[in-house]
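Student: Chains A and B are the protein sequences, given in the same order.
In our numbering, each number is its position in the first sequence, counted from 1, plus 221.
In our numbering, each number is its position in the second sequence, counted from 1, plus 1135.
Accuracy of the hints is not assured; some may be wrong.
Said to hold, decoys possible - No more than 20 angstroms apart at the CA atoms, straight line, and that leaves these computed lysine to aspartate or glutamate pairs for DMTMM-like:
hint	chain 1	residue 1	chain 2	residue 2
1	B	Lys1238	A	Glu234
2	B	Lys1238	A	Asp235
3	B	Lys1238	A	Glu238
Just so you know, these hints were derived from the structure itself, not from any lab.
Each chain, written out:
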Amino acid sequence: MSAPGTFFHAHEEDPVEAYQNFKFGMWMFLATEVLLFGGLFAAYFIFKYRYHELFVKGSSHLDWRMGSLNTLVLLISSYTMAMAVDAAQRSENQKLIRNLLLTLLFAATFLVVKGFEWIPKFNHGIYPGTDIYFSIYFLTTGLHLLHVLIGMFFIGLLAVRANKGRYNSENFGGVEVGGLYWHLVDIIWIFLFPLLYLVGSV
Amino acid sequence: MSHAHADEHYLQAKGFYNWFFSVDHKRIGLMYLLAILFFFLVAGFSAILVRTELLFPGHTIVDARGYNVLFTLHGAIMVFLFIVPGIPATLGNFLLPLMIGAKDVAFPRLNLLSFWIYLLGVVCVLYALVGTPWKDWLDTGWTLYAPYSVQSSTGVIPITLGVFILGFSSILTGLNFTVTIHRLRAPGMTWHRLPLFCWAIYSASLIQILATPVVGITLLLLIMERIFGIGFFTPALGGDPILFENMFWFYSHPVVYIMILPAMGVVAEILPVFSKKPIFGYRAIAYSSLAIALVSFFVWGHHLFVSGMSYWSRWVFSLLTFAVAIPTAIKVFNWISTLYKGSIRLDSPMLYACAFIFLFTIAGLTGIPLATLATDVHLHDSYFVVAHFHYTMQGGTVIGLLAGLHFWYPKIFGKMYNELASKVGFWMLFIGFNMTFMPQFLLGYFGMPRRYYDYLQEYADLHFMSSIGAYLNGLAYLFIFGNLIYGLFKGKAAAKNPYESLSLEWTVPSPPPLTNFDEVPTVEDWTYGYASEQNA
């Protein structure tokens, strides 16, 4: 039934070319992510300028220790992700799987900490819409959270494929591109953390 | 149909699966073409209804709310479902790999995914527009301005979601084309031999990648505003509707260059072929596309001159908007210089290309009073604006699309249309279009505001004339598409290169084989080495 040129019968590509294309494509996609968050950052700065006091007050409800912990957790996860790419490039499959699972573990830790931050706020009746500061807080961290979840999905996929022995020094593009995405998720948090948690302290 | 696979051309595949699951850029381009032309006709029909309401003062066929629904229908379908995917998704998809000597785009499956995502977005948008009882049809206008879009009881969330999804499709297409142009050019196809259509698509793709996510987040915020009342766009909650306008136009102004740049690329391909002259100022045209893409990001503020904006912001945005005229004029002057002393053949693609230059120049020049602070106060939100952007969108993009469709028709379908009929159609369109929108410049100048279903007696004559023009305009499209469809069935077989173009897409058979090129071509010269008697 399926003929050449259809979804399951696309023509063969040169793997090196495909890898280069894939990596280039991901960089382009990261640019769109930066602009996506850029819109939110713009809204942040406009409202911060208008309602400075509100932002200082809102920020004082956040626990900077939890924020710092999550910053640390994400930074370490970026490190394990980088180690995973390195392992793939050296064809060290066990090390690759181990590092991918570690990255997943740290990502899950991030989610748990986030839960400990969000749930008490809901219990105190603080939601998006409570005031502009908390709208910004929930939207930025929520959109970031969504990206963590998407990242976890793809890292999980990489782990499953690594378990099947798909990656080696000849073929590591998937891991590397997944790593690029994960580092972006990390770096967005690096910007969010001071903007949301440390507003009043400067 | 019993050829071996290698000789099979892309149109020979039959059946739903072979098309709907096809990763071939030519089939995907053709499916996009069918989809967007369908929506063009639907949105065009709603424009006819709008103009019918405006035939006479007072209630003609609908009441005030009905009129809001009609122009929302027209604007939303034209913008989101027709003109944004527009030339890149159709001609761009079909031609880009052929022009650069590639077998396909960089990510064929992603390309198909873009099309599916487009269809998903279509479903959401249509649901918001016409999927509910008549009283719930969207009435916000396509711009979805806050605070009304926060308050309206109509389907704001479904259309916002739909446009968000369509944005994904647009981003992925732009990303795909960018990587394709960077990485898949055939040996010898250097940047400075790249056909100008590809330069134009490239520039438009960069805007698609960088501007679309901003409207994405804006629309998400609008959804959140309606669900949670986050307050960003609601003054009572400390927000600001003008923030919505800023964020909306940060995308929606650059997006007009997504629409127009590819049309400019089409014209740059057609002019040298039908003048038998090398394109004049190749590099100036190529880089002016990039320049337009760059400047497009810094002019959004001119939509807000009367919405509430500081004196200095207005001043700077006005100046930056004037700056767009420079790369645009560079293009126009180079196109005209290409015509100068050429051996001009006025076949229908060339007629459309020349009409593009004429109409787009009017569009550009009437943009200047809108970018000028003092005159904009008077002209803002008047019919002058309506006429101005229809000269860019219809006189520019649609005419450019038709130029491209007539030019590459023999390559795409392997058939020829009736040349005399296409010329008749062209003149109907040219007259109908100008008759529709030229009076609107005057209406706006005399003070007729846009988006009103009723008007004073003093505007009656010009409105009547505009509506009659719109009917002619609509008939012209039926005639033009009728001719093109007739050609599919009854047209004579097209030669490989009926217009004697030197570009790569004409070196393959018409219609092209499934894998485009038997072997990867090597390019040794640019594609514009035409010689006429004068410069031979």
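Student: Determine for every hint whether it applies to the structure shown.
Tutor: Here is what the structure says about each hint:
Of the supplied pair hints, the one linking B/Lys1238 and A/Glu234 holds, its CA atoms being roughly 10 angstroms apart against a limit of 20 angstroms. The suggested pairing of B/Lys1238 with A/Asp235 holds, with an alpha-carbon distance near 12 angstroms, which does not exceed 20 angstroms. Of the supplied pair hints, the one linking B/Lys1238 and A/Glu238 holds, its CA atoms being roughly 13 angstroms apart against a limit of 20 angstroms.
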